[in-house]
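Q: Sequence:
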Amino acid sequence: MKQIGYILLIAVVLFSCQKEKKELKSIAPEVIKETTPPVITEFGYVLNDFNVVKDTIRPGDSFGAIMDTHGISRTKVFEITNTIKDTFNVARIQAGKPYMLLKSKDTTEKAQVFVYQNNKIDYTVIDFRDSIIAKKSKKPVTLVEKKASGIITNSLMQTFDDMDLNFLVAYNMADIYAWTIDFTRLQAGDRFKVVYTERFIDDTIPAGVEQIKAAYFEHRDKPIYAFRFMDDSINNSSDYFDENANNLRRAFLTSPVKFSRISSRYNLKRRIKYYGYKIRPHRGTDFAAPIGTPILATSDGIVTKSERKGGNGKYVKIRHNATYDTQYLHMSKQAVKVGQFVKQGDVIGYIGMTGNTGGPHVCYRFWKNGKEVDPFKQDLPASKPLADSLRTGFYNHIKPLKADLDSIHFKPQKPQEIL
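The sequence shown begins at 1 in the working numbering and counts up by one.
Calculated directly from the structure, the hints in this document are not laboratory data. Here the structure is a predicted model, which means the values were calculated and not measured. Positions of the beta carbon are idealized from the N, C-alpha and C atoms, including for glycine. Each statement offered as a hint is correct.
For lysine to any residue, the following SDA-like pairs were computed, each having C-alpha atoms within a straight-line distance of at most 20 Å: (1) K138 / P206; (2) K402 / N246; (3) K337 / G310; (4) K402 / V169; (5) K384 / S233; (6) K147 / D406; (7) K138 / D86; (8) K314 / G359; (9) K147 / E243.
Computed spacing ranges between beta-carbons, pair by pair: (10) Q378 / K120: 36 to 44 Å; (11) G310 / T87: 49 to 57 Å; (12) R308 / F341: 20 to 28 Å; (13) T36 / D232: 53 to 61 Å; (14) G370 / V347: 22 to 30 Å; (15) G292 / T36: 50 to 58 Å; (16) S407 / D55: 45 to 53 Å; (17) D164 / D232: 33 to 41 Å; (18) H409 / D182: 24 to 32 Å; (19) F341 / Q94: 24 to 32 Å.
Starting from the given sequences, assemble the full structure and let the hints guide the process.
A: Structure below.
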């Protein structure tokens, strides 16, 4: 019994010691390890070495005023602007653009470097620490290939928005198919697939769509493939062709306004209630859109009229060749002058309500051999197909792209989504 009691006594003592050690440990001061702050680099500078000021150019700001705010004398500003004038014109800084100032970490906090961000990718550095140096540069950009598909429920833009896809892809697709698909008349159930590359800064910041490599659009049950291919190596230009090497480009766009709707069609027997249902021929096609929406030239040509006149309001007329002319009425503002050459897709004016009009739209008139006709009933010329000498290379180029498109599945769609 004595032996058992002795063992129990030892156990109690050991337990008490361990408890005391834990209590002492719990009240001991906590040792905090110093951590080295991470090194932050941007625009080629270690930001840890400076006091960093980030701001945005405000309306009325000038380079001189910004420098003055941060202690740079007018004499020094003049020296900087005069030295870098061939690289960067400081008078052209724009409101809304971000900039960064790097200042010394001593008590003077002297401004030493000015960085102006032209856009998400391009920037200009002005370093005036010792000698004055200015250079233009770009942030490193990564290209990521992406694939998408969708089924039209209302419009192309609405479908992209519903699917949280980059709207720039929709714009680019509209450009590719602008000659073959009337996007004002898409049907619920039309569907598309697309393979494209997107730009990313630092692998995380989206910086726009690089290009659409291949696309498939099924409109009214008619499939149309589109493949990007360089057809002019001398001028480094590319175009889009279908699987049979036919150019998708046509002489005229199907619409002078992107993502608009036709509010009134060409109709020589139109009767209007306001005029007692008398026949008032409508020799144009009306595309409704918000005021200020850009109006595009539907083909290359020379501007022959840019004026305001009677019921036409502000309008532009373009001579394309000996056969075709187009006219664009009711603009809020013209963007071209008589005698100016415009290319297909150039902005020639903006949607308005000038002249005789009951709402914002452009009345698009199409002339053939001096007579106004319905553009949607004309057999308009197509661009030349791909040269025979390039076809073998083209077919080899599109083979994997077509396989990619064909392997993309359309996402299941709920019946109630179709309008």
